[in-house]
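Asker: Here is how the chains run, residue by residue.
Protein chains: 2
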Amino acid sequence: MRLSLSPCPNPIFWLSAPAPFSDQANNNLIYFSFPLLAEPLYHNREKNCSPEVAVEELRETLENLLAEQRWDDLKLLLKQKNPSDLAEVLPLLPASEYALLFRLLEKTKAVEVFENLEFEDQQRLLAGFRDEQVRELVEHMSPDDRAELLDELPARVAKRLLKMLSPAEREATSLLLGYKEHTAGRIMTPEYISFKTYLRVKDALEKIRRIGLAKETVYYGYVIDEQRRLLGIISLKDLVLADPEARIGDIMHKEVVFVHTDDDQEEVARQLSKYDLIAIPVVDREDRLVGIITHDDIMDIMEEETTEDIYRLGAVPIQEQSYFRSHMLTVATRRVGWLLILLLTNTMTGSIIMKQHSLLESVVALAAFVPLLIGSGGNIGSQTSTVIVRGLALKEVTFANALLVLLREVGIGLMLGSFLGLIVIFWSYWLQGSWLVAMAVGVSLVVISTMATFFGGLLPLIFVRLGIDPAVVSAPFISTMVDVLGVFTYFHIAKIILNL
Amino acid sequence: MRLSLSPCPNPIFWLSAPAPFSDQANNNLIYFSFPLLAEPLYHNREKNCSPEVAVEELRETLENLLAEQRWDDLKLLLKQKNPSDLAEVLPLLPASEYALLFRLLEKTKAVEVFENLEFEDQQRLLAGFRDEQVRELVEHMSPDDRAELLDELPARVAKRLLKMLSPAEREATSLLLGYKEHTAGRIMTPEYISFKTYLRVKDALEKIRRIGLAKETVYYGYVIDEQRRLLGIISLKDLVLADPEARIGDIMHKEVVFVHTDDDQEEVARQLSKYDLIAIPVVDREDRLVGIITHDDIMDIMEEETTEDIYRLGAVPIQEQSYFRSHMLTVATRRVGWLLILLLTNTMTGSIIMKQHSLLESVVALAAFVPLLIGSGGNIGSQTSTVIVRGLALKEVTFANALLVLLREVGIGLMLGSFLGLIVIFWSYWLQGSWLVAMAVGVSLVVISTMATFFGGLLPLIFVRLGIDPAVVSAPFISTMVDVLGVFTYFHIAKIILNL
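For the record, the sequence lines run as chains X and G.
Adding 694 to a residue's 1-based position in the first sequence gives its number in the numbering used here.
Adding 694 to a residue's 1-based position in the second sequence gives its number in the numbering used here.
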C-alpha cells in the first residue's frame, strides 16, 4: 500500500490498488498492476509535489498515452481518476485531445466531469458536439448544475437546449430558472428523498435502495404531508439505527431548519453552517417543500461570495467571467469606472489647494506634509471600514449595536491620531524648523484620523440601510474621501494656527 | 402546520408540532399544545422577522419563564431549541440566569450547547462551576472541540483540566494538541468508524448501529489494514444500497482523498470543497489513519480564514479575541503597529517635497496635484494587489502563470494611466493655466499608474516566495508605497518638463 499513498501534501493522487481480500497489501502486486499509475506516484515520493505538479503530471501521462494510442490504458486511467481532477486537467489539453478524451469517458462519468468544468470549458465542449451528444449530456446533468449552465449561456442557445430536454427535466430546470439569481430557489435541486409519516423504517430504507442513486443526497429524508408541506426530517443515520418496524412519523425530527425560495444564498450559507447541516430544505411561500441545497454547493457559494467581498474592498469590479480568461482591455474598461469616480472626487483636492495659493506661497513647507496627513488618515479609515464591513457580513455588527461600534471606532481614531500626531509634530519641526507649522501638522492629523474613523464606520452602516453592499466603502473609497476632507481640514487648521 | 412554519426569512424558528400520524396536521392542536412556542411564532407571521428579532424573542421568552419560575415550560423550551440557537441566546442573559439555564439542560444537550459557545462564554461558565461539573462537561466534549478550548485557555488551567479527564479522553486530546496550530492534525477528530476489508456489509451496518451514535459522522466508514493504514472508504449510502452478504473489501472505493496531519487547514478546506466531501480522512507520516475532519468544522474554518484575509487586506491586525469583546485601548495598540510603519514610510514624501523646495516656490501650482496623483496611483495599485492576492489564495495565480499575470497587470495599468492621464491634463490646465504643468501632471499619472500595477502585482508574488502572507500587500500598503514613489516621480518629471 505504501507506494500508492503519495506523500504529496495535496493528495490530488489517489489511493488505488486492487482490493486486497486479506489485509496484507502487496506493493509489487500494486506496482505492476498499474504501471501507468504507479509511475507518477513513485516520482512524487521523491520530490514532495504541489497540486500544480500533480496536475502537470496527470496531463503528461494523458498526452503520452494519447500519443502512443494506448486506448485501454487511457480508459482505465480516466476510469480511476476523480471527476474533479479530470475537470481540472482535461481543459488544459489541446482542443481536439480535450474533446477526444471527454468522449472516452463512460456516460455517467462524463456527466460528472462536465458538471465540474468551468463554464468556458463547458461551452468549448458543447460547441464541438452534435445536437444528439449535447442533449445526451445536458439531459443527465443535475437540475441545479444545468440551470447554472443555461443561465450563463446566451439566451438563444439556452432556449434551444431547453427544447431538447425531456419534458420532466425541462420543467425541473425552468422552475429553478424562474427564481431570482443568488436566491435559494435558483441554487436548489428538486432531487431529494421524501417520506410520508405513516411509512415504516424498513419501507423507507427500501425506498432509498430503490431510488437513492438518482438523488443528490440520501443522508436526509424529508417528511411531507399530502400538500407537500414540510413536517419533519429524518437522517439516514436515524433510519439505520431505528427499529425497522417504527413509523417515520414517530422518529422524525420535528425541528427543521429551512429556507424560503427567495432567501439570499448568503443567508442559506449562514444557516447551513450555523446548524452544521449536510443539506437544507427549501420551501415556497405556501410552505411546500420544493427542493434542497447541499453543503458542497454552499461551499462553492461561500468561496464565490468571499471573492466578491474581497474584490469590492479593493475597488475591483466583480467579474462574472473569470479574470484570467477575459481580455486586458475588457478588464481595464471594467476597472476604469470606479477609478474615474474616485479621480473626479479627488480633483477637489486640487481646487482646494489652488484656493490656498497665497497661503502656500508664504509657507511652501506646508505642502510637504499633505501626502503624509491624507495617507495616514486613509489608512486609519480603511482599518475601520474593513472591520465594520466584515462585522456586518458576519452579523456581528447590527443596527442594535451600530451606535456603540461607531463610538468605539471614533474613540480609537482619536487615540491613534493623538499618538501619531505627537510623533509627527517633532518630525515635521525637525524637517522644516517652524513649531507653528509642526503644530498645524500634528493637530490636523488628530482631526483627520478621528474624521476618518467616523466616516469609515458611518458610511457602511448608511449603505446597508440604503440596501447597497457596504463593501463598496473600500480602502480606496475611504482614502479618496479622506484626501478631500483631509486637505481641506489641514489648510484651514494651518491658516488658523499660522493666522494667515 | 401552517402556523408554526414562520415566514421569517431567517428560520431561527423551528417547525414544531406533535408528530401527526395521519397527514392532516391540526392547527388548533398544535397551537394549544405549545402555547409558549406558538405565541412568538404567531407574532412573526405579522412582522417579517430578522434573526436579531428572533434571538431577541427567544431571550424574552426565557426571561419571562424564569421570572414566573415555570421550570417545566423552561425545560420543554430548552429541549425543543437547537443547541446552536441556545448557544447564541443564553450568553445574552444576566450571568446568574445564564448559568442557571445552562444547568437546566439535559446532560448531552448541555455538552452540545457548550461546544457551540464562543470561547469567552465557555470561560464564563467554567469559572462559575465546581470542579466536578467542569469535568463532567469537558469529559464529554468531542476531542476536537475540547482541544480548541484547552488551546485557548491559560496553560495552567488547561493542564489542570487535562488532568481531570479520563485516561482515554486525555490521550485523545493531548494527541491533537501535539500538532501545530492550523494544521489538519490539530482540527481533526479521532472519532470515526473503521472497517476491515473482510467484514460483510450486514456486520458493518451492525457495527454502525452499535457504536454509531458516539461518532462524529457515520456517513463514511474508513477501511484500514492491521497497521491502521487507509485502504479505502465506504459511505453509509453504499452500505444501505449494497448486498448485505458482500464484503467491504469488494465494494469499498479505493480512490480516497486524504490529507496529512501537518497539512494546513486551508489546504484541507480546498480539498474537501473540491471533492465535495462530508468528511476527509487524516493520515500521519506512516500513512496510518489517525482522524477525520468533518465539513461543518471546515465551514467554520473557511469563515475564519476569510475574516483573516479581509483584515489583512485592510491592514487590520488579526485578533484572536473577538473584536467586540476587546477593550478600545487594546484594539488601538494592536492597530498602531501597521500604521506606524506606514507613517514612517510616508515621512519620506515630506523629505522629498522639502528637497524640491525651490521648484515648488517657483511653481506653487505643482503642489495642487500631489493628492490626486498619488491617490489615483494608490487606487490602481490596490485593484491589482487585490486581484493577485485573491488569485494566489484560490491557486488561480501560480508561479507557472505569474509572469504572464504581472505583464497583464502592467499593461492594464498603462491603459488606465493613459486614459486618466488624458483627462487630468485638460482639467489641470483649466485649473492653473499652464500647459507645461498640465503635461507634467498627465505624464506623471501614466508613469505612476504603471508603476503601481507593477508593484501591486510583484510584491504579493515575492512575499509568497518568502513565505509571508501576500495579503499584507493591502490597499494601505500599496497606497503608502505609491505615495513615496509617486511624489518622487512627479517632481522629477515636472523638473524635466518645466526644465527647472
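Check the hints yourself; a few may be wrong.
Copies of the same chain look alike in the list, so a pair counts if it works inside one copy or between any two.
Claimed, not checked - Cross-link-like lysine-lysine pairs, in silico, DSSO-like; alpha carbons within 30 angstroms at most:
(1) Lys1089 with Lys1049
(2) Lys901 with Lys931
(3) Lys931 with Lys803
(4) Lys1189 with Lys769
(5) Lys769 with Lys1089
(6) Lys896 with Lys1089
(7) Lys1089 with Lys803
(8) Lys803 with Lys769
(9) Lys931 with Lys769
(10) Lys857 with Lys874
(11) Lys1049 with Lys948
(12) Lys890 with Lys857
(13) Lys874 with Lys896
(14) Lys773 with Lys1089
(15) Lys769 with Lys901
In case anyone wonders, no lab produced these hints; they're calculated from the structure.
Asker: Hint compliance check: list the failing hint numbers for this structure, sorted ascending.
Answerer: 1, 4, 6, 11, 12, 13, 15
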